[in-house]
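**Student:** Below are the chains, spelled out letter by letter.
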Amino acid sequence: GNSVTQMEGPVTLSEEAFLTINCTYTATGYPSLFWYVQYPGEGLQLLLKATKADDKGSNKGFEATYRKETTSFHLEKGSVQVSDSAVYFCALSDQWTGNQFYFGTGTSLTVIP
Amino acid sequence: DTAVSQTPKYLVTQMGNDKSIKCEQNLGHDTMYWYKQDSKKFLKIMFSYNNKELIINETVPNRFSPKSPDKAHLNLHINSLELGDSAVYFCASRGPAGTDTQYFGPGTRLTVL
Numbered sequence: 001g002n003s004v005t006q007m008e009g010p011v012t013l014s015e016e017a018f019l020t021i022n023c024t025y026t027a028t029g030y031p032s033l034f035w036y037v038q039y040p041g042e043g044l045q046l047l048l049k050a051t052k053a054d055d056k057g058s059n060k061g062f063e064a065t066y067r068k069e070t071t072s073f074h075l076e077k078g079s080v081q082v083s084d085s086a087v088y089f090c091a092l093s094d095q096w097t098g099n100q101f102y103f104g105t106g107t108s109l110t111v112i113p
Numbered sequence: 001d002t003a004v005s006q007t008p009k010y011l012v013t014q015m016g017n018d019k020s021i022k023c024e025q026n027l028g029h030d031t032m033y034w035y036k037q038d039s040k041k042f043l044k045i046m047f048s049y050n051n052k053e054l055i056i057n058e059t060v061p062n063r064f065s066p067k068s069p070d071k072a073h074l075n076l077h078i079n080s081l082e083l084g085d086s087a088v089y090f091c092a093s094r095g096p097a098g099t100d101t102q103y104f105g106p107g108t109r110l111t112v113l
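Chains as they are written, first to last, in the numbering used here: chain D, 1 to 113; chain B, 1 to 113.
Among the clues, some could well be false.
To be verified - Only pairs whose alpha carbons sit at most 30 Å apart, straight line, appear in this in silico DSSO-like list of lysine-lysine:
(1) B:Lys22 with D:Lys52
(2) D:Lys60 with B:Lys52
(3) B:Lys44 with D:Lys68
(4) B:Lys44 with D:Lys52
(5) B:Lys36 with D:Lys60
(6) B:Lys52 with B:Lys41
(7) B:Lys22 with B:Lys41
(8) B:Lys41 with D:Lys60
(9) B:Lys71 with B:Lys36
(10) B:Lys40 with B:Lys22
Claimed, not checked - Examples of chain D residues lying across from chain B (beta carbon under 7 Å, computed):
(11) Ser32
(12) Gly43
(13) Leu44
(14) Leu46
(15) Val87
(16) Ser93
(17) Gln100
(18) Phe103
(19) Gly106
(20) Thr110
Hint data in this document are derived by calculation from the structure and do not stem from the laboratory.
All residues carry an ideal CB built from backbone N, CA and C; glycine is no exception.
Make the full structure from the sequences, and use the hints.
**Tutor:** In structure tokens, the structure reads:
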């Protein structure tokens, strides 16, 4: 079956620190992979995505590379800001179950000045 | 213009009551979803509709009933509310196959007293 496992939080970093949030997946087909971000009191927003192996998704300084060999899609940012404080969700959408998304449990990030 | 909207944003009610949450999307999408997010931010899919047809119906108490009067609307009715129903409920929509991104509404925070 399909599933997503992501690093448990909460994560607390100082401003300008390097961020990595790990995400690994299990899928029966050829999934598309996503990172969504949820700011306090809001709904989820797409942060970035990658649709095939070796693709790199990037947005707002965040990056993640689709690694089929390690079934991973780790989120990274070189220098976090206070405004990056949010909950981050890794997700996949499998072509065979194209209507269903599988979300990880979410990782809460707090960036302190 | 808001792409996916939900009403109400907050809903406080007594145990045993029946309530509804409305969702509308103006993106022209065919597929809509309801998710439940608990206090630990865990996101669980409840239902999915494609062109007014139910396609995903996860293990959810039958007190929960989705209704889709047209493909732009997916409402959620909850009968005989229980304390454990307290959560944030998110509506989302998704475009045609090949456009994997889901767009989320702002959420409805339901509190059952």
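**Student:** Checking hints one by one. Is glycine 43 (chain D) an interface residue toward chain B, by the C-beta closer than 7 Å rule?
**Tutor:** holds, 4 Å
**Student:** Are glycine 106 (chain D) and chain B close enough, Cβ to Cβ, to be under 7 Å, as the hint says?
**Tutor:** Given a least distance of 4 Å, the restraint on glycine 106 (chain D) holds.
**Student:** Does lysine 60 (chain D) sit within 30 Å of lysine 36 (chain B), going by the straight-line distance between their CA atoms?
**Tutor:** Within the cut-off at roughly 28 Å; holds.
**Student:** Decide if the proposed pair is consistent with the structure: lysine 40 (chain B) and lysine 22 (chain B), CA atoms, cutoff 30 Å inclusive.
**Tutor:** This hinted pair holds, its Cα atoms lying about 24 Å apart.
**Student:** Would you mind confirming whether the straight-line C-alpha gap from lysine 22 (chain B) to lysine 52 (chain D) stays at or under 30 Å?
**Tutor:** violated, 35 Å
**Student:** Taking the least C-beta to C-beta distance, is leucine 46 (chain D) closer than 7 Å to chain B?
**Tutor:** Given a least distance of 5 Å, the restraint on leucine 46 (chain D) holds.
**Student:** Holds or violated: is the Cβ of serine 93 (chain D) closer than 7 Å to a Cβ in chain B?
**Tutor:** holds, 5 Å
**Student:** Once the shortest beta carbon distance from leucine 44 (chain D) to chain B is found, is it less than 7 Å?
**Tutor:** With a closest approach of 4 Å, the leucine 44 (chain D) hint holds.
**Student:** Taking the least C-beta to C-beta distance, is threonine 110 (chain D) closer than 7 Å to chain B?
**Tutor:** This interface hint is violated because 13 Å lies over the 7 Å limit.
**Student:** Under 7 Å, Cβ to Cβ, is where phenylalanine 103 (chain D) needs to be relative to chain B, so tell me if that hint holds or is violated.
**Tutor:** holds, 5 Å
**Student:** Quickly compare the C-alpha distance for lysine 22 (chain B) and lysine 41 (chain B) to 30 Å and report which way the hint goes.
**Tutor:** Since the Cα atoms of lysine 22 (chain B) and lysine 41 (chain B) sit roughly 21 Å apart, the hinted pair holds (cutoff 30 Å).
**Student:** Between lysine 52 (chain B) and lysine 41 (chain B), does the CA-CA distance stay at or below 30 Å?
**Tutor:** Measuring from Cα to Cα gives roughly 28 Å; hence the hint holds.
Violated hints, listed in ascending order, are 1, 2 and 20; each of the other numbered hints is respected by the structure.
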